[in-house]
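Protein chains: 2
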Amino acid sequence: MSVVLAVDVGGTGLKGAVVDVHGRALVRRERPTALDGRGALDNLLALLAELAELAGPHRPVAVGVGTPGTVDEASGTVVHASNLGWRDLGLRALLEEATGLPVAVGHDARAAGRAEQLASGARDSFVFVPIGTGISAALVVRGTAVSGVSGAAGEFGHVVVHPDGEPCPCGQRGCVEAYAAAGAVLRRYRARGGRAGSTAEVVARVGRDADADADADAVWADAVGALALGLQGVTMLLDPAEIVLGGGVSRAGAVLLDPLAADLRSLLAWRSPPPLRTARWGAQAGRVGAALLGFERVGTTPRFELPHVPGTAGAGTG
Amino acid sequence: MSVVLAVDVGGTGLKGAVVDVHGRALVRRERPTALDGRGALDNLLALLAELAELAGPHRPVAVGVGTPGTVDEASGTVVHASNLGWRDLGLRALLEEATGLPVAVGHDARAAGRAEQLASGARDSFVFVPIGTGISAALVVRGTAVSGVSGAAGEFGHVVVHPDGEPCPCGQRGCVEAYAAAGAVLRRYRARGGRAGSTAEVVARVGRDADADADADAVWADAVGALALGLQGVTMLLDPAEIVLGGGVSRAGAVLLDPLAADLRSLLAWRSPPPLRTARWGAQAGRVGAALLGFERVGTTPRFELPHVPGTAGAGTG
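Protein chains in written order, with the numbering used here: chain V, 1 to 318; chain S, 1001 to 1318.
The shape of chain V in the complex, shown without the other chains:
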């Protein structure tokens, strides 16, 4: 069976997998992204070498890589990815040289959005928002994610929602990401004196009747509020059939979805909000999206199967 080597390049970690045409990860490996552009590239090369070896009898037919930032998908160039320190990096040529395989480089959120689309029955018009170290979006219009004139569309995380608000690492003020990205939640919780080792720990303290943690509640309310404001704009502009949340922060589930739906509703006076749900691929959406890029690079249309909803019976999605 043909497989591809797939890597979802995140701001914190590189998530790799050997993925088959059904979207199943036969093996998974992760590495930290590293703190500078050269280190991130070295780690990516090492991860791909490791995955190639682990593929064993399955001979990989291609490599698919999803990266954040501004990506020129036609040439496989990362034009600008601030979280990675990459600028005008001809990633596809570099990786083809190193692996000897055909390589596709695409935008992480757009690729993940398309994987979600394949898995959930190809909606014509929806918005996929992965919330992790960074926040972006695949804005699917008439079946295809908008890439924009320079490949820079979908930067939902850098829509300004509080004009004089929090400084964002990107240099702007009041971006959605400055409140709602995983790192922002943790940083803002600590700035209020809270102690936590991870964003998940903060989220676990939100909205409890007993053991109330006012700092966790306040920081989370700001995160949800910023997302709601950004999504109000997306709703007004694009009128999507649904909004799908992915990425690590979406694992919060109802703790995220319920207040977000309420906030979004309160910002809309004369139309109902689009339905809101978490991604069917869950935190694997990025990896599956990268795999999709790889398969398409060699003219293969994968037959992705709808993964099982967490908590239901049946084999996992690998």
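No lab work stands behind these hints, which were simulated from the structure alone. Just so you know, even glycine gets a beta-carbon here, dropped at the ideal spot from N, CA and C. Each hint should be verified, as a subset may be incorrect.
Quick list of simulated restraints, FRET-style, between CB atoms [what the hints assert, rightly or not]:
1) S:W1270 <-> V:A212: 33 to 41 Å
2) V:E73 <-> S:V1298: 34 to 42 Å
3) V:P275 <-> S:R1142: 23 to 31 Å
4) S:D1258 <-> V:V79: 43 to 51 Å
5) V:H58 <-> S:V1298: 57 to 65 Å
6) V:L94 <-> S:V1298: 52 to 60 Å
7) V:R195 <-> S:S1075: 56 to 64 Å
8) S:R1142 <-> V:R28: 30 to 38 Å
9) V:A200 <-> S:G1253: 52 to 60 Å
10) S:E1305 <-> V:P32: 57 to 65 Å
11) V:V298 <-> S:S1075: 37 to 45 Å
12) V:G193 <-> S:P1169: 42 to 50 Å
Covered stretches of chain S, as calculated for chain V (at least 3 residues, CB under 8 Å) [unchecked claim]:
13) 1057 to 1066
14) 1195 to 1209
Keeping the supplied structure of chain V fixed, place chain S upon it in accordance with the hints.
Chain S alone, transformed into the frame defined by chain V:
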């Protein structure tokens, strides 16, 4: 030569014309929109009857009508247009009955955006923002304006840019329209004690060294600031090749464009703003867009000619 009857239905006035396939208005007539839905419909019917008579020897082949709000273009139904008091109005059927001609009903901004596109050389990706009684947008992606799952896309005027800001007539708070629509500028100027009979009078008092009018300056700065915040989001989400401003307020020209470009630039830390310009069709874009709908209804592709830029030599656009 074949002509159509075209009407651009605005929140304040009905702008009608008999338009030929070159986009020239052979005759123009306007009527007020009226204060209620029934009155607006009666005025529209009367205006169409008047235009049909004025067409004289040119026999109209169709009627094209552009309306604001949520429009189902396939059925010619105005689902919801708050400025007009229309809800679930089967306008196409009504007008075909009354005129005996084939009728097309479309969204005003999307139709005007397409007319602009035809006139300025069909950009694949741009945003057209008519600023008048209301504010909306044609978001052109891959050559076609986004209509959304329910025909409600492009409501740029109701993107919330100041979460606890000015009440908007739509029932929300802090919408772009609550600061930057023609009526909002005039209302907010008067609320500060300024006296003016029209928005154009207020705009004429902006940014003068002598005769400085601090109220006009402040109100205009708020309008420009709200537009800039909304366009920051549009830029981040869609990465358009250019932003084109139309509608009555765009007649302000450099008084609008210069501070808007500066504000937009100051909200973008790591990318340049898309080029900003006023519409080539100017305030006629809505009428020409409605004419385009009419011609397309009967399978005719009009050969719109680029209108002459005001102030340059040559015949007007009629």
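Hint by hint, here is what the structure shows:
no.: 1; hint: S:W1270 <-> V:A212: 33 to 41 Å; verdict: holds (39 Å)
no.: 2; hint: V:E73 <-> S:V1298: 34 to 42 Å; verdict: holds (40 Å)
no.: 3; hint: V:P275 <-> S:R1142: 23 to 31 Å; verdict: holds (25 Å)
no.: 4; hint: S:D1258 <-> V:V79: 43 to 51 Å; verdict: violated (29 Å)
no.: 5; hint: V:H58 <-> S:V1298: 57 to 65 Å; verdict: holds (58 Å)
no.: 6; hint: V:L94 <-> S:V1298: 52 to 60 Å; verdict: holds (55 Å)
no.: 7; hint: V:R195 <-> S:S1075: 56 to 64 Å; verdict: holds (59 Å)
no.: 8; hint: S:R1142 <-> V:R28: 30 to 38 Å; verdict: holds (35 Å)
no.: 9; hint: V:A200 <-> S:G1253: 52 to 60 Å; verdict: holds (53 Å)
no.: 10; hint: S:E1305 <-> V:P32: 57 to 65 Å; verdict: holds (60 Å)
no.: 11; hint: V:V298 <-> S:S1075: 37 to 45 Å; verdict: holds (44 Å)
no.: 12; hint: V:G193 <-> S:P1169: 42 to 50 Å; verdict: holds (43 Å)
no.: 13; hint: 1057 to 1066; verdict: violated (count 0)
no.: 14; hint: 1195 to 1209; verdict: violated (count 0)
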